[in-house]
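Single-letter residue listing:
Protein chains: 2
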Amino acid sequence: MKLTAAQLKEFDHEGYVFLPSVFSRAEADMLNEEAHRIFAMQREEVWRESSGVVARTAFAAHTYSEPYRRLGRHPRLIGPVEQLVDGKVYMHQFKINAKAAFDGEIWQWHQDYGTWKADDEMPEPRAMNIAVFLDDVTAANGPLLFLPQSHKLGALDAGHDLQTTSYPLWTLDREMVTKLAKRGGCVAPTGPSGSVLMFHSCLVHASPPNISPFDRTVVYLSLCETSNHIRRFKRKEWIAHRDFTPIEPLPDDCLADLVRDRTTRQAAE
Amino acid sequence: MKLTAAQLKEFDHEGYVFLPSVFSRAEADMLNEEAHRIFAMQREEVWRESSGVVARTAFAAHTYSEPYRRLGRHPRLIGPVEQLVDGKVYMHQFKINAKAAFDGEIWQWHQDYGTWKADDEMPEPRAMNIAVFLDDVTAANGPLLFLPQSHKLGALDAGHDLQTTSYPLWTLDREMVTKLAKRGGCVAPTGPSGSVLMFHSCLVHASPPNISPFDRTVVYLSLCETSNHIRRFKRKEWIAHRDFTPIEPLPDDCLADLVRDRTTRQAAE
Chain A
545 MKLTAAQLKE
555 FDHEGYVFLP
565 SVFSRAEADM
575 LNEEAHRIFA
585 MQREEVWRES
595 SGVVARTAFA
605 AHTYSEPYRR
615 LGRHPRLIGP
625 VEQLVDGKVY
635 MHQFKINAKA
645 AFDGEIWQWH
655 QDYGTWKADD
665 EMPEPRAMNI
675 AVFLDDVTAA
685 NGPLLFLPQS
695 HKLGALDAGH
705 DLQTTSYPLW
715 TLDREMVTKL
725 AKRGGCVAPT
735 GPSGSVLMFH
745 SCLVHASPPN
755 ISPFDRTVVY
765 LSLCETSNHI
775 RRFKRKEWIA
785 HRDFTPIEPL
795 PDDCLADLVR
805 DRTTRQAAE
Chain B
545 MKLTAAQLKE
555 FDHEGYVFLP
565 SVFSRAEADM
575 LNEEAHRIFA
585 MQREEVWRES
595 SGVVARTAFA
605 AHTYSEPYRR
615 LGRHPRLIGP
625 VEQLVDGKVY
635 MHQFKINAKA
645 AFDGEIWQWH
655 QDYGTWKADD
665 EMPEPRAMNI
675 AVFLDDVTAA
685 NGPLLFLPQS
695 HKLGALDAGH
705 DLQTTSYPLW
715 TLDREMVTKL
725 AKRGGCVAPT
735 GPSGSVLMFH
745 SCLVHASPPN
755 ISPFDRTVVY
765 LSLCETSNHI
775 RRFKRKEWIA
785 HRDFTPIEPL
795 PDDCLADLVR
805 DRTTRQAAE
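For the record, the sequence lines run as chains A and B.
Quick note: the first sequence uses my numbering, first residue 545, plus one each step.
Quick note: the second sequence uses my numbering, first residue 545, plus one each step.
Excised from the complex, chain A in its bound form:
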């Protein structure tokens, strides 16, 4: 899978590109089921919301889950990202954000590269985020909000927010967010389960609480051009990875195969 010239131009101008239904419903459903199995695990990679009960995010699932190992090397994701950063990539961060029905809390306005620079000493924003929707994302269940065109400004001044949620984050102040939104607007890309959002590591984004009765599970792959790897190893290895080996994509049917294997096994049981 390759992005078209129009998509590359859109990404350059707006800071993101939305690709509806990149994965089939069956592929997304299998990943979703696996996500909930992981959220139920008691392990240090699985963080809870402030309440301490419901999962907020699960790190590094590609290192301990076969479906996520395959997603992390999927050609429908790796191919386009190689185009966008113009080179081979390694996995800098991998997380599954739960944003659970009723309980999913806010993510404040931030740039991911802000954290990667401040905490991990990543030299340049030659890195990307990919959001893979594992539930339908609607206006109702806490969609990701973007400030288009904000990626053009590099790393912006941020403060370290240790209070709002269970997850520490370098966040932008209201004055800056308002200024950027007046210039480029504020959008909430929504779409069916299996859709993909690719966005620049400097794009300012946030997401509101999910007060709806529907979950909004989204996987985030953060991919970095290999020569731009992080220089500082302050955060846990399962938060900011240190394996800079270029990712070799698997065949396109790597997830579909797994869906078929599971269906066959379930039928035999």
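By construction, these hints were calculated from the structure, which means they are not laboratory data.
Don't take each hint at face value.
No more than 16 Å apart at the CA atoms, straight line, and that leaves these computed lysine to aspartate or glutamate pairs for EDC-like [what the hints assert, rightly or not]:
1. A:Lys726 / B:Asp679
2. B:Lys778 / B:Glu665
3. B:Lys632 / B:Asp787
4. B:Lys780 / B:Glu589
5. A:Lys546 / A:Asp796
6. B:Lys726 / A:Asp679
7. A:Lys696 / A:Asp679
8. B:Lys726 / A:Asp680
9. A:Lys726 / B:Asp787
10. A:Lys696 / A:Asp556
11. B:Lys780 / B:Glu610
12. A:Lys546 / A:Glu626
Keep in mind the model is a prediction, meaning the values are calculated, not measured.
Chain B: place on chain A using the hints.
Relative to chain A, chain B alone:
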């Protein structure tokens, strides 16, 4: 202005009808400007968010503001509502909800009729809500969420929530909300400033916090068929009105006239 047969059928089936751009941008802008003048007033009808600073809701503005007096008798609102409740109506409640940029807090899942029955002894749900958008409402700025078809079930069991926000509300539990959403879905009608949402007093609704940098000001008119007037006067008169006189609509240009007057006056100054 009259609703079509298709709109009446949609309202009956879904519990709401969305009417885009009922008011012009100029009419909506004038009302919006007036809303912010009111939010800045120190009077008992203007309630603040829990923080105590930013306005949450302003009651009864139709009794102390000329633009809102006119909106409360506007034929584009009163005509359709008379069709929907099959009779003349009086103003049961009138409020402007601020849902301010960054600070606007949640409204939990509830039916308005639940409160009107429990607190005000309104005999039947022969009453309606009209939401008039004074800002563009998008997925990003805390849109109203509906559970379609939930209006068919009458008043549902509710608990009195005095904790979550500054405004006491009879709210539904998660189990009920989930059950209703699985049956009829969960939608977030969005549209430009000047649009109107008419919804049944038994329709279950909520709205998330507004974390965006854009305000989301919405006026709510709650209109009740005159013979169905409330029987109990427990709440303040400016929250649950006691004037059951049937509303006589003004001419269609009543707000446009005021826009023109203001423009003329400003030009002369």
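A quick look at each hint next to the structure:
no., hint, verdict
1, A:Lys726 / B:Asp679, "holds (14 Å)"
2, B:Lys778 / B:Glu665, "holds (9 Å)"
3, B:Lys632 / B:Asp787, "holds (13 Å)"
4, B:Lys780 / B:Glu589, "holds (10 Å)"
5, A:Lys546 / A:Asp796, "holds (13 Å)"
6, B:Lys726 / A:Asp679, "holds (14 Å)"
7, A:Lys696 / A:Asp679, "violated (30 Å)"
8, B:Lys726 / A:Asp680, "holds (14 Å)"
9, A:Lys726 / B:Asp787, "violated (43 Å)"
10, A:Lys696 / A:Asp556, "holds (9 Å)"
11, B:Lys780 / B:Glu610, "violated (22 Å)"
12, A:Lys546 / A:Glu626, "holds (9 Å)"
Figure legend: structure checked against the earlier numbered hints; hints not met, in rising order: 7, 9, 11.
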